[in-house]
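K.L.:
Respectively, the protein sequence lines represent chains A and B.
The first sequence runs 1 to 353 under the numbering used here.
The second sequence runs 1 to 245 under the numbering used here.
Keep in mind that a hint or two might mislead.
Stated by the list, open to error - Which stretches of chain B does chain A cover? Using the computed rule of at least three CB atoms under 8 Å from a CB of chain A, they are:
1. 3-17
2. 72-82
3. 85-97
For the record, the hints were derived by calculation from the structure and aren't laboratory data.
For every residue, glycine included, the Cβ atom is placed at its ideal position computed from N, Cα and C.
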Amino acid sequence: MPQSHDARPSARMDDVECSEAPRQPRMINDGFVIEVTDLAKRFGDVVAVDSVTFTVHRGELFGFLGPNGAGKTTTINMLTGLARPDVGTIRIARIDCSENPKAAQHLMGVVPDESNLYPELSGFDNLCFCGSLYGLRKRDRAARARELLDQFGLADAAGRKFAGYSKGMKRKLTIAAGIIHAPPILFLDEPTTGIDVASARQIRQLIADLNAAGTTVFLTTHYIEEAERLCGRIAFIVKGRIVRIDTVDALMHETDGRHVVQFAVSDSAAELCAAITGAFPQLRCNAVSDTAIRVESPEPVRVGPLVRLLEDRGAEVSEARKIRPSLEEVFVRITGIESAAMKQEKAKIGGGV
Amino acid sequence: MNAWIAFWNILDNDMRSYYLKPPNVSWGLIFPLAWTGMFFIRSGSGLDSVAGLLPGVIAVSVLFGTTSLLAVTVTFEKKGRSFERLLLAPIRLELLMLAKTAGAILFGVVNAFVPVVLAALLIDLAGVDWWTLIPAVVLIAISSTFLGLFIAVSVSEVFEAQTFSNFFRFPMLFLCGLFFPIEQLPIWLRPLSYVLPLTYGADALHGSIRHAAVMPLPLDFALLAAFCVVLFAVSLRNIKRKWIV
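Looking at chain A on its own, in the form it has when it is part of the complex (with noise of 0.2 Å):
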């Protein structure tokens, strides 16, 4: 049965400040919603999903963290009933989907990748439609939908077709009509992909909401610096196979020690790299990009001999800042997969965090 109201964030979004700090992570330990154990999945000779467990506890923000074909989308249909996987077993709430999926259906809420609310209908009659499937009655669906509306900024366009929509206004309008039954587990498959940042904050200000008001929320994402501002807990997953589960700050911890500054050159970095390490070689540079060197040590950076070094190089010096290490290189090192492919893929989808 659908939970009570009591989990429904109280701000509207409008209020909210989307100060974009990491949040605090909740972990509340009273037992596991989801249960995923050694989950695979094939399609023909592809091997989409393999050997997958893991477990969220009650009232979690679990982030579930790879590129693009990793196998997100597959678990996240597996785990919501559109696929079956090949073997394994999926527990939500103690319901085994295998046996009784649509028990575990009353309990959860879906955002799926794409915005694919019906394009004719209005928004208002879209989460009235969406809360029927999930047997609100009429007088209930229309007050909660009147009341999300309200809370995603949405009002004004209560009675406009759904087609008629932006982008981060659809999406906004999926996510309401997600937790349009106040379900008390939230599956939320790349909810911030191709829209403009305001709405990503606004939308990403939702998502921490709804979990610190007790919603289970298992995002999907391949925004590393998304998952480490929403989740508590993340999986990284790379060809099917989580490669590490971990909280963010114990993966962060993985960075504790290591000093990285980053200078910004005129040019031709990379010559430049190669010079600092010639000249320091207990340190580790990086071009990060034609006109950006990243230089990481055990120890504390001395930046005077370095920037002395450039400057001797020919290279005009206009900036050095201590970097604050972040998940992107836990995640680089951990899975080996470079982040600069990761951005390919931000930058083919669109959007950003």
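Position chain B against the provided structure of chain A, taking the given hints into account.
P.N.:
Showing chain B alone in chain A's frame:
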């Protein structure tokens, strides 16, 4: 109870989104009128031919109305992924697909009565056995709609749905005994006639309007019902196999 809320709202949404849209309403009226006019002109025997042509025109109107709309709307929703939203809802697939097809069945029944109303203006229909005609129309509408569902599940593009529909519809029209008695067909074609649901629907319509059924009416109804069950079961199996992969 909750599942029925979903059922009625899926039906209501389909009626408003598809079946009651002006182009489809006009299709539902003009198409049977066009068939009626065409066959009357072709027969050339004036009002005497109305009763003889009525079963054929009713069946054609239902067959084309239901299969066209259902195959296209389901394929359209599958393509636009809004159908996924229905599959994610906590309602049994059987009930979901019954809700999804109910609109087309109603549309088909309404289609069927357009030529009946027209005929009532031209000839005396006092001899029509309505207790046979109405269940025959309903069963033809259900079997045609489930044929449309079978087609929708078999294709992935909207244009494929239309093409594939015609693959079934046109042979069915000429082989089901509506316009040419099955006995006049070449002997090697006759077995094909007896595996078509419309053959039994056409026979029941001939029985109700002209009292000229070839087979016993209970047999017609039983076989039509069996076709409905088989087409629905096969479509459900295909949905589970192809759409919940």
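K.L.:
How about the stretch 3-17 of chain B: do at least three of its residues have a C-beta closer than 8 Å to a C-beta of chain A?
P.N.:
holds (count 8)
K.L.:
Would you check chain A against the stretch 72-82 of chain B, counting CB to CB pairs closer than 8 Å, and say if three or more residues qualify?
P.N.:
Since 3 is at least three, the answer is holds.
K.L.:
Check, residue by residue, whether the stretch 85-97 of chain B contains three or more positions whose beta-carbon lies closer than 8 Å to a beta-carbon of chain A, and give the verdict.
P.N.:
Answer holds; 8 residues pass the 8 Å Cβ test.
Of the hints listed earlier, there is not a single one the structure fails to meet.
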